[in-house]
Structures are given as C-alpha cells and as structure tokens.
Amino acid sequence: MDELEFLKQDWKRQDAGLPVVSSDSLYSMIHKRSSSLMKWILYISIFEFIFWSVLNLVTVNAQTLETLREIHLFEFEIVITIIQYLVLGGFIYCFYKNYREVQTTDNTRKLMKKILNTRRIVNIYVIYNLVMVFVIGIVVFTAAALYDPALQDLYLQNEDGSRYLPTSIVLIFAGAIALFTLVIWLFYKLLYGILLRRLKLNYKKLSKLEIED
Amino acid sequence: MDPQLEKQFVTQLEANQNVVHKICRLYTHDRESHNDLFQEITIQLFKAYPKFRGDAKFSTWMYRVALNTAITLYRKKKRSVPTTDYDNVMFKIASTEYDNTIEEQLKLMYAAIRQLNDIDKALVFLYLEDKPYSEISETLGISEVNARVKMNRVKSKLKELLNV
Numbered sequence: 001m002d003e004l005e006f007l008k009q010d011w012k013r014q015d016a017g018l019p020v021v022s023s024d025s026l027y028s029m030i031h032k033r034s035s036s037l038m039k040w041i042l043y044i045s046i047f048e049f050i051f052w053s054v055l056n057l058v059t060v061n062a063q064t065l066e067t068l069r070e071i072h073l074f075e076f077e078i079v080i081t082i083i084q085y086l087v088l089g090g091f092i093y094c095f096y097k098n099y100r101e102v103q104t105t106d107n108t109r110k111l112m113k114k115i116l117n118t119r120r121i122v123n124i125y126v127i128y129n130l131v132m133v134f135v136i137g138i139v140v141f142t143a144a145a146l147y148d149p150a151l152q153d154l155y156l157q158n159e160d161g162s163r164y165l166p167t168s169i170v171l172i173f174a175g176a177i178a179l180f181t182l183v184i185w186l187f188y189k190l191l192y193g194i195l196l197r198r199l200k201l202n203y204k205k206l207s208k209l210e211i212e213d
Numbered sequence: 214m215d216p217q218l219e220k221q222f223v224t225q226l227e228a229n230q231n232v233v234h235k236i237c238r239l240y241t242h243d244r245e246s247h248n249d250l251f252q253e254i255t256i257q258l259f260k261a262y263p264k265f266r267g268d269a270k271f272s273t274w275m276y277r278v279a280l281n282t283a284i285t286l287y288r289k290k291k292r293s294v295p296t297t298d299y300d301n302v303m304f305k306i307a308s309t310e311y312d313n314t315i316e317e318q319l320k321l322m323y324a325a326i327r328q329l330n331d332i333d334k335a336l337v338f339l340y341l342e343d344k345p346y347s348e349i350s351e352t353l354g355i356s357e358v359n360a361r362v363k364m365n366r367v368k369s370k371l372k373e374l375l376n377v
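Top line first, the protein sequences correspond to chains V and H. To convert, note that position 90 of the first sequence is 90 in this note's numbering; the numbers rise steadily by one, no gaps. To convert, note that position 3 of the second sequence is 216 in this note's numbering; the numbers rise steadily by one, no gaps.
The shape of chain H in the complex, shown without the other chains:
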C-alpha cells in the first residue's frame, strides 16, 4: 500500500482505537486474547481501508469491519476463561465518581453482558455507543423492526441475568 495511505490509516486508527478496544473487551476474556483480536481487527481494517471513501466518518466505518471480525472472522486460539484480574482492569469503573453500590451494580451489568451470545453482544455494543436503530440494523443485516424487537429481548435477558 502507498506509504502515505498507510500513515493516514495509522493516524486515524490511533485516534479511534477506543472503539476497537471496547469491542475486544466484550468478545475476549483475557489480555492475550484481547491483544490478539485487536491485531486481527487492525489487519482487517487495513485490508479494507483502500475502499474507505471518506463519505462516512472513519469511526462509523470501523464499527462494521471491527464487529464483523470479532463475530465472524476471529478464531479464538484457545478456550479462555474470565479472570477477575482482567475484568478489574478492562472494566475499570471510575470509582471516585460512584459509591460502592453503583460500582458493584455496574460490574454485575458488565459481567451479564459478557454472558450474552456474539450477536446480542454486538447489539448491546452498538446501543451503548448510541447508534440509531437504522445503523444497528444496517450493520448487522437485519431489519430495523427486528433490531428493536431483538434489543428488547436482550434487555429482558439482561434483567434475568442480573436477578439470578
């Protein structure tokens, strides 16, 4: 690839890498897998970059490629188990801003989300990123109505998981 384009890509990815990290922490359970998925997403983004026309925001374009890689293309190297150490670091809650009860509640919610299946996680992720249903449905390839129905089901599922 043209070195200029390469530089442009790295600059844009560096500035928007949070999106990729957030996806990685939803789909992996340990630091090694997180880094592994981050690398695979970076490679896939770079491969798709020449086709990025700039008509959408770079970060918006990233969502699709990054989620597709996490859900479809990424091959977990080994079975990983959630570790509290990783959870504590990756889901670090700004504890100074919350009291312990809220912090505990947030931790439980993150843990519940990570128990969801790959598709539900993608829905929750896009929802938390404040994406409109039109964009969620377009990214996943389902109708807007179904995206809403599915999201409501996911909310009920999360409620169930939190009440167990």
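Chain V with its partners taken away, still in its complex shape:
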C-alpha cells in the first residue's frame, strides 16, 4: 500500500488526541488583534506614506523657500510639490483599493498574488521617491552651483579666466546624493526581504506548477 494511504487510515483516528479550546477562549480570541503579514504590510505602508510626506513638508520652510528663490528654483519647487501630492494621492488610492481586495477566502495563489501586488504599489512609490530624490538633488545642486553665493567662493579660475567648481566638490555632492539613495534602497531590500521571503518563495512554487502545465 502507498505510504499516504496507510497514513490516511491513522489520520482519521487522530481527533481524540487533539487539544480542545473552550468556547470562552474562542470568544476572547476573536477579539484579539491580528498579527498577520497583511497587518504588517498595512502599518509599514502607512508609515512610508507619512514618512515621505513629512519629509516633503519639513524641507519646505521660509528659509528654504528664500534660498530656492535665490537659486531660481521657486517655481520648480511649487510644481514638484503639486506633483508629489497628486502622485501620493494616486498611490494611496491604488494601495487602498488593492488592500480591500485581499481576502482569505480567495484561493491561495490568488491571495498571494494580491498581497504581492499591494506591496508592489508601495515599492513603486518608494522607487519613485528615490528617483525624485536623485533628480531633485542633481537639479538643486546644479542650480546652487550656478546661483548660490555661498558656493561662489568654492569656484576656481582657469588660466583663461573661466571659472569652474573643483571635481572634489562635485564628487562630494554626487556621492552624498548617491549614498542617501543607496542607504534607503538597502533598507527596503532588507526589510521586505525579511517580511516577504516566505510568501515569495511559496508563490513561486505555486506559479511554477502552472507554468509547467
């Protein structure tokens, strides 16, 4: 006889040895908070939306606006801020819509796909922000190099009289922007690597089965 058939016979006799949870305990359990993966994804995603919005807010104050005016980026900042909020709104809408669609009554593969999609939306938002940090960083640095009086002292002069910024200064700025982007990217890789590793693995296993069909 095949091993599992043999086990099946014993399987049915197992019930007597199983633990019994009383109805009182079940009542208290249903009112406890879930600590499911989806809850964690929701909390972390909300934190991310708040983090990037607050970061946008705190970097804009009277002094920075004045500096932006000096380096001819005031209008640029207004346009970027409007775009940022429109994009944030769009992402929150998509995230919420997907989150609502995640249901434990779906089949396993579909459920996994929906969770991964929900998470993907926030990941795209984070990548969008990282790209924006990078692009805005370059624009601000270029504008500052051209117009900021504080940077004018750092310029060196060529023999023919033309002025240029030393390579070391350019490299320090470029390095700082790249480092900031890299640190955040690595943090995400680590965080979601830990959080979603098992889910991704299981999803791959199920999907692979369908591809083989």
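These aren't lab readings, by the way, just hints derived from the structure by calculation. Note that this is a predicted model, so its numbers are computed, not measured. Glycine is no exception: its CB is placed at the ideal position from the N, C-alpha and C atoms. Hints should not be assumed to be uniformly reliable.
[Claimed, not checked] Here are some chain V residues the structure puts well away from chain H; computed CB gaps all over 12 Å:
| no. | residue |
| --- | --- |
| 1 | Ser35 |
| 2 | Trp52 |
| 3 | Gln84 |
[Claimed, not checked] Facing chain V, according to a computed beta carbon distance under 8 Å, are these residues of chain H, among others:
| no. | residue |
| --- | --- |
| 4 | Ile256 |
| 5 | Asp331 |
| 6 | Ile332 |
| 7 | Leu341 |
| 8 | Ser356 |
| 9 | Lys363 |
| 10 | Lys372 |
| 11 | Asn376 |
[Said to hold, decoys possible] EDC-like mimics (lysine to aspartate or glutamate), calculated; alpha carbons at most 16 Å apart, straight line:
| no. | chain 1 | residue 1 | chain 2 | residue 2 |
| --- | --- | --- | --- | --- |
| 12 | V | Lys208 | H | Asp331 |
| 13 | H | Lys235 | V | Asp10 |
| 14 | V | Lys208 | H | Glu357 |
For chain V, the structure is supplied; the task is to place chain H on it using the hints.
Chain H alone, transformed into the frame defined by chain V:
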C-alpha cells in the same frame, strides 16, 4: 459584529476546531507557535465569517481560510525547532491499536511530512482529509492536473525521505 452571529461563529468553530488544530500541528513545531497560529486562524476566520453564506459546509469553508493563514499570512514569531515532547503529544498515535513497528512507521511518516515545504504540506493535508482533487486544486489555485502531478511528486519525495 452582531452578537448572535458571533455566538453562531464560536459554536461552529468549537465543533470544527479539529481542522484548525491539524493544520497548526503541520505548520508549527512547538506548543507556543501552535497556539499562536490557532489564534491567528481564528481571527481570520472570524473576519471572513460575515461573507460565509452557508452554501458550503462550514468545515469546507474553513479549509481555505485556515490554510491561507498558515501558508500566507502567519508570521512566525521566532525560529522554532521541533521538540520531541511536542511531537509526542501532538502526533499521539493510538498505541493500543497498533504494534510498535506500525507506530514507529507512522511517527516517521509524520516527521517526513513536516519536513516538506508549505505548499506540499497543504497538498498532503487536503489529501489526508480525503478531499477530491477538484477541491484541492480550487483551494490552492492550481489546475486539477497539476494538483495530481504535484501529489505524485510529493508521494515520491516522502518515499525518499522515509528511505534515508
């Protein structure tokens, strides 16, 4: 939720809790994790309960939510290692009905099943629960043919594990 519905849910879950315990013992290695997963499955079942229309048997409906929670939503709090104490209690074999050789063989089989990955465990679980392939494929979201192919592979894998 409506207290009446809450009462109805608890009564049904109490009567069918064996299904949840069986899943918990396949997916956890110690008593604490077992209780933890049992609680998470209970919460998820309760959350999904208002949508349970009663067109399927409560126990059938439970399989999907409970397995989904164990495979997809449950976050292990810590790395747990199998303990013989837990194995002995949770996989208690009705020793009076078997001689020692069979009992030993069954223990080995349970141990082999617990070495399988999450998806294979779900397949074995549904198979042992005597679910037809149509229901297994529907629960996991794969085709019936693939469910059969996969089950045959799992059987070979178990044979391998038992012969090591």
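Status of the hints after comparison with the structure:
| no. | hint | verdict |
| --- | --- | --- |
| 1 | Ser35 | violated, 6 Å |
| 2 | Trp52 | holds, 25 Å |
| 3 | Gln84 | holds, 32 Å |
| 4 | Ile256 | holds, 5 Å |
| 5 | Asp331 | holds, 5 Å |
| 6 | Ile332 | holds, 5 Å |
| 7 | Leu341 | holds, 4 Å |
| 8 | Ser356 | holds, 6 Å |
| 9 | Lys363 | holds, 6 Å |
| 10 | Lys372 | holds, 6 Å |
| 11 | Asn376 | violated, 10 Å |
| 12 | Lys208/V - Asp331/H | holds, 15 Å |
| 13 | Lys235/H - Asp10/V | holds, 13 Å |
| 14 | Lys208/V - Glu357/H | holds, 15 Å |
In the structure shown, a violation is registered for the earlier hints numbered 1 and 11, in ascending order.
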